[in-house]
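If you follow the hints, you should be able to join the two separate chains into one complex; please do so.
Each chain, written out:
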Amino acid sequence: MQAIKTFWKNNWIGYFFLTPWLIGLIVLSAFPMGFSLYLAFTRYDLFSAPKWIGFGNFIEMFHDDKYLTSIKVTVHYVLFTVPLSLAFALAVALLLNRGIRGLRVYRAIYYVPSLFGGSVAIALLWRQLFGGEGLMNSILHFFGVEGMNWIATPSTSIYTLILLSTWQFGSAMVIFLAGLKQIPVDLYESARIDGAGTVKQFRHITFPMLTPILFFNLVMQIIHAFQAFTPAFIVSGGNGGPLNSTLFYTLYLYQKGFAQFEMGYAAAMAWMLLLTVALITSLLFVTSRNWVYYQE
Amino acid sequence: MVISKASRYFLHAFIIAGCVIMLYPLLWMFVSSFKENTEIFTNTSLIPHKITFENYRQGWAGLSGVTFGTFFLNTFFLVALCIIGNLISCSMAAYAFGRLKFFLRQAFFAIMLSTLMLPFHVTVIPQYIMFNKFGWVNTYLPLVLPKFLGVEAFFVFLIVQFIRSLPRELDQAAEIDGCGPIKMYLHIILPLTLPALMTTSIFTFIWTWNDFFSQLLYISNIQRFPIALALRMFTDSMGDNSWGALFAMSILSLVPVFAMFIFFQRYLIEGISTGGLKG
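Just so you know, the sequences run in chain order A and B. Under this note's numbering, think of the first position of the first sequence as 15, with each following residue one higher. Under this note's numbering, think of the first position of the second sequence as 157, with each following residue one higher.
Just so you know, these hints were derived from the structure itself, not from any lab. In this text the structure is predicted, and so the values were computed from the model without any measurement. Be a bit skeptical, because a hint or two may be false.
To be verified - Mimicking BS3-like on lysine-lysine, the simulated pairs with C-alpha atoms at most 25 Å apart in a straight line are:
| hint | chain 1 | residue 1 | chain 2 | residue 2 |
| --- | --- | --- | --- | --- |
| 1 | A | Lys195 | A | Lys214 |
| 2 | A | Lys23 | B | Lys257 |
| 3 | A | Lys23 | B | Lys339 |
| 4 | A | Lys65 | B | Lys257 |
| 5 | A | Lys80 | A | Lys65 |
| 6 | B | Lys161 | A | Lys214 |
| 7 | B | Lys339 | B | Lys257 |
| 8 | B | Lys257 | A | Lys19 |
| 9 | B | Lys161 | A | Lys195 |
| 10 | B | Lys339 | A | Lys19 |
Stated by the list, open to error - Estimated spans, in silico, between C-beta atoms of each pair:
| hint | chain 1 | residue 1 | chain 2 | residue 2 | range |
| --- | --- | --- | --- | --- | --- |
| 11 | B | Arg324 | A | Gln16 | 30 to 36 Å |
| 12 | B | Met273 | A | Glu147 | 38 to 44 Å |
| 13 | B | Ala263 | A | Val213 | 43 to 49 Å |
| 14 | A | Leu297 | B | Leu260 | 28 to 34 Å |
| 15 | A | Glu147 | B | Ser321 | 53 to 59 Å |
| 16 | A | Leu289 | B | Arg324 | 38 to 44 Å |
| 17 | A | Gly116 | B | Ser370 | 37 to 43 Å |
| 18 | A | Tyr307 | B | Ala236 | 43 to 49 Å |
| 19 | A | Asn24 | B | Arg320 | 17 to 23 Å |
| 20 | B | Ser163 | A | Ile197 | 17 to 23 Å |
| 21 | A | Ala44 | B | Ser321 | 27 to 33 Å |
Stated by the list, open to error - Derived coverage of chain B by chain A (criterion: at least 3 residues anywhere in the stretch with Cβ under 8 Å from a Cβ of chain A; other residues may be distant):
| hint | stretch |
| --- | --- |
| 22 | 161 to 168 |
| 23 | 180 to 192 |
| 24 | 235 to 248 |
| 25 | 257 to 267 |
| 26 | 300 to 314 |
| 27 | 342 to 348 |
| 28 | 414 to 424 |
We put the CB at the ideal spot given by N, CA and C, even for glycine.
With the rest of the complex left out, here is chain B (with noise of 0.2 Å):
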């Protein structure tokens, strides 16, 4: 569309003008985690009187002798056997519906579809009375085990659409050489899908990482406690003169999630735009 150059130059101001009142408030909790605690509530501005650490030295302390540095590795730890899972159930399943033919396909694809619409609230009672029997509640077993069984429908179905987007003829090629449909997976399907594994374990990071609820549910034992979970106790034990050290930690918190997102923007956008995941 052509536009002149003024209408242009206006159109740029203000769309700068929009992306500085969508940024102001992360922008000014990262500031603020550098002020002391009094100036928190007096100081509006981006820049801050006396820039300060100490935020961060009594934010890390945590809570009850359990410092950040515990519920980070919790974190990273769970975050980690949730892409592997992912990265295995839903890639294999994606396979055999892609590519292998058996009994039922098609009425198992429309079932993996439709349970992208199921409220996890209808499963989520039974599921917390079953992890409970088993004896699982508080271990990482019932955040971790489902995606070892391809719950998230999300990645089947955008592994699916990658695995039938790569030409046939490759695997008609290595038929006639002699691989079977297990070697066939192994050495030819998951190369080829990186780049939807790729998306998958991005967006896996990232879920896993600001998921609260189902953490909520099954982790009471502090030790055991990831950042979300943390985070929110932090404040419930916190009086109003910590809001500095609350700030750091907050900060601290998204610093891993916004860094897989400057790395790794391409497959973030890709998933959205083409599997229309929930950023």
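Just chain A, same shape as in the assembly (with noise of 0.2 Å):
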């Protein structure tokens, strides 16, 4: 009885400022998870009981063409916008990361596109940009090319939505220039001495001491290029088309779990994703070792 008191006495005041935190872990963070666990072996429709089902839901996935065009489609887009998002971000911090004056300004205006980005007002505005008589066609024709519909061609259109995330570089650069700055200046001065040029400053120096940075990028863009959802939903008409060319991964599990009530097979497909992206986290973890440096 006195251990309890003693207990309590030393922790409530950490877990009452803890609470709402705490019931959000469990309410909406650890029991869903389970829940969805759960829900992914069964068939459910949100208005009969589950019905368990084993590994029924797994199987039919890798049956299922719809699904592996999603995969095909989310891994292509993921594969283009992130090394280009890295690099364009890189490129320009690095270009604006030269003592130059204006700096607050350039590297404001290089962000504005990822403050909007994600917005739906930005995904319709590209779907008049790239569509048949979108602006993009008008300047083509200026140079004398004949344009395309380029949203409604299934070979072109997952290629407008790469081209918006890469678009929306501007926070990585955000971050590589926050990174720049913590290089020490002498590191710079000592190389120029030894007579190292720009090229072999930049292998030596720049590129090993933002590679944690660049770590840091890689991860996230990642994350977050698996879960791209608004732009695809928006341009597409939420339908993924033209012939399931811009159906990602989410939109997929959006229309197998809140249009066809399939709620089952989503979960599953959430899993499946969450182990996904768990799996390349944990690689690019592991390879790090290899190629980022830390200070010790």
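So this is what it looks like as structure tokens:
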């Protein structure tokens, strides 16, 4: 009894402040995770009781052409979007980090697309820009090139979304800029005294010192890219078309769970997504030992 | 780094050219919102032949008798509640993690960090089922309540970092003066973490304003539509001849976020560079 009293006396105030978060953790994260894991092994339509079907959903996935297409589309998107965004972010950050005047204004301007990028308004704008009579084609026409309907053509539609996401490289750029400022100036000074040129300085100082930031950006961009939803939903009008060419994983998950109410299947999809992202992230962490440079 | 004057000019020219390309789509949409509909498809330049406010008048009238005034008020209401929720719950949790000692603190802190990476799709289906059972679909509760329960761990982490950087001597001095933990939180920690709380508010504002997925799930009554849903429905119901009105409302929908950016740029940039918050 005395022990409980002492325990309570020493801990109650900590738990008092932790309570809202702790309730959220249990009710909105932990319990839903367990519940969705259970649902993943059931057939459930929200109206009748869940029916246990074992690995049925997971087996069905690999015979579901639409599911396989959604994986292909998402991987395609991630493989283009992440390296392109990081390359632009790093390149512009390096340009802006040369002690030029007006850095703050330039940084702000390059950041603006990231501010709005995920919104419905911008996705709608994209639909006009790359439509048959959109701005892109008018500009091409000016240069004598005959355009096409970029969004309605299955082979090009995904690239309009990749472009939209790459356009938002600003937030990664801001993080790179902050990282570049952390590199001690005397490193460069001694390198110059030793006769190292710009390229050598980049290879042997800037890049290694930036690898922790690069790693952080890489992980965050991959996680976000796998979960992209709004642009594909709005640009394709909600169906992932044309011919499922923009059927992102999350978009198909939404269709299955909230349009067709196959919630068991959608839960199984969500768990596959979680496992994939976790696997990729941990692989990155393992390989990071070989290329990320941490100062002691 | 020393560079010559000529290459300095060249560098500026190059960077400015990049700025123009980055901003062109936005500027073009802004200008097009003042063009007549027929002109939007034929005029690629940033100068309209004739300036008209008709698009704004037509767009503001909204959908099925509900004007954009309602959609804006709905969004502001939603955003305000989310900010209040995040400020209370995240600062409380951050104070616990940053300053107080309790059983399993390290473990809970690690769990908090791991939730940062959790894709929300894993929890969204059970959450929907739950909120549906409670009869909360078509209310703002599913959108707002999670914020009062500190679900956005990013902000907890951000504020913890900030609290840890505050000098301990302050607490000790206050403790000697007989200040308990609750008073300490209210009178010392909260005022001193104001910059982190500002960052939290601004990001909550922008994220809630731009959010689409959860609104799409939970809100289907047009009277309660926030801007994002209204814009989406607007496109579905319109023909090709109302791009102007759509652009006009899209521009209006970006204004509050842009204003936050202009006035609070410092906090935003700080939040991204130190907390790695996605802008």
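The hints, checked one at a time:
no. : hint                               : in the structure
1   : A:Lys195 with A:Lys214             : holds (19 Å)
2   : A:Lys23 with B:Lys257              : holds (12 Å)
3   : A:Lys23 with B:Lys339              : holds (18 Å)
4   : A:Lys65 with B:Lys257              : violated (45 Å)
5   : A:Lys80 with A:Lys65               : holds (23 Å)
6   : B:Lys161 with A:Lys214             : holds (23 Å)
7   : B:Lys339 with B:Lys257             : holds (16 Å)
8   : B:Lys257 with A:Lys19              : holds (16 Å)
9   : B:Lys161 with A:Lys195             : holds (23 Å)
10  : B:Lys339 with A:Lys19              : holds (23 Å)
11  : B:Arg324 with A:Gln16: 30 to 36 Å  : holds (31 Å)
12  : B:Met273 with A:Glu147: 38 to 44 Å : holds (42 Å)
13  : B:Ala263 with A:Val213: 43 to 49 Å : holds (47 Å)
14  : A:Leu297 with B:Leu260: 28 to 34 Å : holds (30 Å)
15  : A:Glu147 with B:Ser321: 53 to 59 Å : holds (54 Å)
16  : A:Leu289 with B:Arg324: 38 to 44 Å : holds (42 Å)
17  : A:Gly116 with B:Ser370: 37 to 43 Å : holds (39 Å)
18  : A:Tyr307 with B:Ala236: 43 to 49 Å : holds (44 Å)
19  : A:Asn24 with B:Arg320: 17 to 23 Å  : holds (21 Å)
20  : B:Ser163 with A:Ile197: 17 to 23 Å : holds (22 Å)
21  : A:Ala44 with B:Ser321: 27 to 33 Å  : holds (30 Å)
22  : 161 to 168                         : holds (count 3)
23  : 180 to 192                         : holds (count 4)
24  : 235 to 248                         : holds (count 4)
25  : 257 to 267                         : holds (count 6)
26  : 300 to 314                         : holds (count 6)
27  : 342 to 348                         : violated (count 0)
28  : 414 to 424                         : holds (count 3)
Hints 4, 27, counting from the list given before, are not met by this structure.
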